[in-house]
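Undergrad: Listed below are the residues making up each chain.
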Amino acid sequence: MAVAIVLLGPLQDLGRDVPGQVAAPLDWDGLLAAVGPAIAELLRDDRVNIACAGRVLADKTALDARDGDEVALLPPVSGG
Amino acid sequence: MAVAIVLLGPLQDLGRDVPGQVAAPLDWDGLLAAVGPAIAELLRDDRVNIACAGRVLADKTALDARDGDEVALLPPVSGG
Amino acid sequence: MPDVRLLDGPFDPNTLIARFTASNPGLGGVCTFVGEVRSDGDVEALELSHYEPLTLPNMRELADRAMARFDLIDVLVVHRVGVMHPGEPIVCVSAAARHRRCAIDAVDFCMDHLKSAAWFWKREQRAHQWRWIEPRDEDYADLARWSE
Amino acid sequence: MPDVRLLDGPFDPNTLIARFTASNPGLGGVCTFVGEVRSDGDVEALELSHYEPLTLPNMRELADRAMARFDLIDVLVVHRVGVMHPGEPIVCVSAAARHRRCAIDAVDFCMDHLKSAAWFWKREQRAHQWRWIEPRDEDYADLARWSE
Numbered sequence: 773m774a775v776a777i778v779l780l781g782p783l784q785d786l787g788r789d790v791p792g793q794v795a796a797p798l799d800w801d802g803l804l805a806a807v808g809p810a811i812a813e814l815l816r817d818d819r820v821n822i823a824c825a826g827r828v829l830a831d832k833t834a835l836d837a838r839d840g841d842e843v844a845l846l847p848p849v850s851g852g
Numbered sequence: 773m774a775v776a777i778v779l780l781g782p783l784q785d786l787g788r789d790v791p792g793q794v795a796a797p798l799d800w801d802g803l804l805a806a807v808g809p810a811i812a813e814l815l816r817d818d819r820v821n822i823a824c825a826g827r828v829l830a831d832k833t834a835l836d837a838r839d840g841d842e843v844a845l846l847p848p849v850s851g852g
Numbered sequence: 037m038p039d040v041r042l043l044d045g046p047f048d049p050n051t052l053i054a055r056f057t058a059s060n061p062g063l064g065g066v067c068t069f070v071g072e073v074r075s076d077g078d079v080e081a082l083e084l085s086h087y088e089p090l091t092l093p094n095m096r097e098l099a100d101r102a103m104a105r106f107d108l109i110d111v112l113v114v115h116r117v118g119v120m121h122p123g124e125p126i127v128c129v130s131a132a133a134r135h136r137r138c139a140i141d142a143v144d145f146c147m148d149h150l151k152s153a154a155w156f157w158k159r160e161q162r163a164h165q166w167r168w169i170e171p172r173d174e175d176y177a178d179l180a181r182w183s184e
Numbered sequence: 037m038p039d040v041r042l043l044d045g046p047f048d049p050n051t052l053i054a055r056f057t058a059s060n061p062g063l064g065g066v067c068t069f070v071g072e073v074r075s076d077g078d079v080e081a082l083e084l085s086h087y088e089p090l091t092l093p094n095m096r097e098l099a100d101r102a103m104a105r106f107d108l109i110d111v112l113v114v115h116r117v118g119v120m121h122p123g124e125p126i127v128c129v130s131a132a133a134r135h136r137r138c139a140i141d142a143v144d145f146c147m148d149h150l151k152s153a154a155w156f157w158k159r160e161q162r163a164h165q166w167r168w169i170e171p172r173d174e175d176y177a178d179l180a181r182w183s184e
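Going line by line, the protein sequences match chains U, W, P and D. Counting from 773, one number per residue, gives the positions in the first sequence under our numbering. Counting from 773, one number per residue, gives the positions in the second sequence under our numbering. Counting from 37, one number per residue, gives the positions in the third sequence under our numbering. Counting from 37, one number per residue, gives the positions in the fourth sequence under our numbering.
Hints listed in this document are in silico derivations from the structure and should not be mistaken for laboratory results. Among the hints, a few may not be true.
What the hints assert, rightly or not - In silico SDA-like pairs for lysine to any residue, Cα to Cα no more than 25 Å straight-line:
1) K158(D) to H135(P)
2) K158(D) to L63(P)
3) K158(D) to L63(D)
4) K158(D) to R134(D)
5) K158(D) to D818(U)
6) K158(D) to D836(U)
7) K158(D) to R55(D)
8) K832(W) to V778(W)
Chain U with its partners taken away, still in its complex shape (with noise of 0.2 Å):
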């Protein structure tokens, strides 16, 4: 049973050995040790921000990732 992650913007290009997928359930500990460790300091920044199934979490680190959920992270945003 899997946990989906998914890297979005200039994380694509630093997070290419993270895995697609990882065992469920995933908590904030889990997906630090999942993405290896430069990966992992930049998602202890306050600017990158992570979703799971669908909502962007107002406290990542209560992260609580199910069977069939999507972890997005995401990194500061440069739109417009």
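Since chain U is already given, all that's left is putting chains W, P and D on it; use the hints.
TA: Relative to the frame of chain U, chains W, P and D by itself:
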């Protein structure tokens, strides 16, 4: 030899009896006399401007219209 | 080079805007405001009068000030005069700039000045009666925002 | 009823604006901002990526907030994603309101949010190399103006 007097906006309706032309030269007192007491009273309002020969006067009491000049009486605008 | 026009007949803002935008490709951003005669209860018509020797020169000066103050690439200022009916465009201002804030502020600036510092006088027809419109205090307050 | 779209191909802002204006006749005023990919030196292309589950819902919420906050009659928010070239429109925001200040402020508000609080990531291609664009401090400052 004449100075033309043009009334703009609401002054048009109020100044139907104002002559279209008066003798040159025309100064502030001459203008007040020419337009009659009702319009003269309105001209004293700070928000009413006077243009002479296509230029708005910074000090309308310094009016000095010569032969061939057009004097325009400009009430507060309400544009756009 | 500012494009400033005083028109005494109906105009189509979209045609003007399309041409303005096409003449400034790859420029960054274009902000536009179009004002129409409002369908306001029983208003049948609106008449804008102006004073020919002052109105257009004053609008040209406004466009030049906007160009300099907001670092514009180009500006379009078009104003209708004469008798108009609800739904017809009265005014169209378009500003092209490299940065959006400049384009938006320039349109805001031009509209505030056209509303209360340009040589236009407005009257409305309701129930076949014409009535002159007084300037609104709100318009003076809007204008005061730009004084240096 | 806000019209909010995320487009992955080229669009013509003038067609959208003409339709938007025509659907709101006699409304007062319409303010529009159109942003294009700038011809900026050697920029060959720009790519905007987004996150499907968040981006469109977030834009719809932005449009709803603008409707309520600025007392709008209607609002149009269109954003391009994918690879674009200099001169191509990226964004078009149009707001219709009875009062011009509301229409202008609503466009300003939506643009600031699309720039720095919407789920878009931008990269530029120069000399065949893609480079991610960092958010600008200026954009955060613009956004902060709207916090209550």
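Undergrad: If any of the earlier hints don't hold here, list their numbers in rising order.
TA: Failing hints, ascending: 3, 4, 6 and 7.
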